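Counting along the sequence shown from 1, when you hit position 42 you're at 42 in my numbering, and nothing is skipped either side.
It should be emphasised that the hints constitute simulated quantities derived from the structure, not laboratory data.
Misleading hints may appear alongside valid ones.
Claimed, not checked - Below, a list of computed lysine to aspartate or glutamate pairs in the DMTMM-like style, where the Cα atoms sit at most 20 Å apart:
#, residue 1, residue 2
1, Lys35, Asp62
2, Lys3, Asp25
3, Lys52, Asp25
4, Lys52, Asp62
5, Lys60, Asp36
6, Lys52, Glu75
7, Lys43, Asp13
8, Lys27, Asp62
9, Lys27, Asp1
10, Lys52, Asp36
11, Lys60, Glu47
12, Lys60, Asp25
What the hints assert, rightly or not - Just the calculated beta-carbon pair ranges, DEER-fashion:
#, residue 1, residue 2, range
13, Val5, Phe58, 20 to 28 Å
14, Asn87, Arg29, 13 to 21 Å
15, Glu96, Gly2, 48 to 56 Å
16, Asn69, His12, 22 to 30 Å
17, Ser54, Asp1, 29 to 37 Å
Small disclaimer: the values here were computed from a predicted structure and weren't measured.
The beta carbon of each residue, even a glycine, is placed where N, CA and C say it ideally should be.
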Amino acid sequence: DGKIVGSILCGHDGRRGCLYHVCVDEKYRRHGIGKDMVVHAMKALKEEHINKVSLIAFTKNDIGNAFWNTIGWTERLDLNYYDFTLNEENITAFNEQ
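All chains should be modelled from the sequences, with the hints used to inform the complete structure.
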């Protein structure tokens, strides 16, 4: 019926791919839509000669983490994830260090 029920955003830096957003409408989950989107994205990355792809999932995203584990992705425990808020106060403090 032409309804958008899922979305995926991926890209790469020339060496490693990244899945930035993957979502499927709750009413349409468990029908293979998410997996199909991921497979399509991975094939597109492979065509760009990208051999590794990563993603970030919140630790409390039980549904998402179960999905990634089910389709064969490996959780990395050897990395730390950092954020920096770009506001005037933080940028000034950073420059003064």
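Checked hints:
A hinted pair counts as satisfied when its Cα atoms are at most 20 Å apart, and Lys35 with Asp62 qualifies at roughly 17 Å. For a cut-off of 20 Å, the pair hint linking Lys3 to Asp25 stands: about 10 Å separates their Cα positions. For the hint linking Lys52 to Asp25, the alpha-carbon distance of about 27 Å lies beyond 20 Å, and the restraint is violated. Distance hint between Lys52 and Asp62 is unfulfilled; the C-alpha atoms sit about 24 Å from each other, more than 20 Å.
For the proposed pair Lys60 and Asp36, the alpha carbon gap of about 24 Å is over 20 Å, so the pair is violated. Between Lys52 and Glu75, the direct Cα distance comes to roughly 14 Å. Compliance with the 20 Å bound is thereby established for this hinted pair. Proposed proximity of Lys43 and Asp13 is supported: the alpha carbons are some 16 Å apart, at most 20 Å. Distance restraint check for Lys27 and Asp62: the Cα-Cα separation of roughly 17 Å lies within the 20 Å cut-off, and the hinted pair is therefore satisfied.
Of the pairs offered as hints, the one joining Lys27 and Asp1 holds, with about 15 Å between alpha carbons and a cut-off of 20 Å not exceeded. Our distance criterion of 20 Å between C-alpha atoms is met by Lys52 and Asp36, whose separation comes to about 18 Å. A distance of roughly 33 Å separates the Cα atoms of Lys60 and Glu47; the hinted pair therefore is violated under the 20 Å criterion. Using a Cα cut-off of 20 Å, the hinted pair Lys60 and Asp25 holds, with the two alpha carbons roughly 19 Å apart.
Range check, Val5 to Phe58: about 22 Å between beta-carbon atoms, so the 20 to 28 Å window is met. A hinted range of 13 to 21 Å for the beta carbons of Asn87 and Arg29 is inconsistent with their spacing of about 37 Å. Glu96 and Gly2 have their C-beta atoms about 54 Å apart, which keeps the hinted 48 to 56 Å range intact. Between Asn69 and His12 the C-beta distance comes to about 23 Å, which sits within the given range of 22 to 30 Å.
At roughly 34 Å, the beta-carbon separation of Ser54 and Asp1 lies within the given 29 to 37 Å, and the hint holds.
Consistency note: the structure conflicts with the earlier hints numbered 3, 4, 5, 11 and 14.
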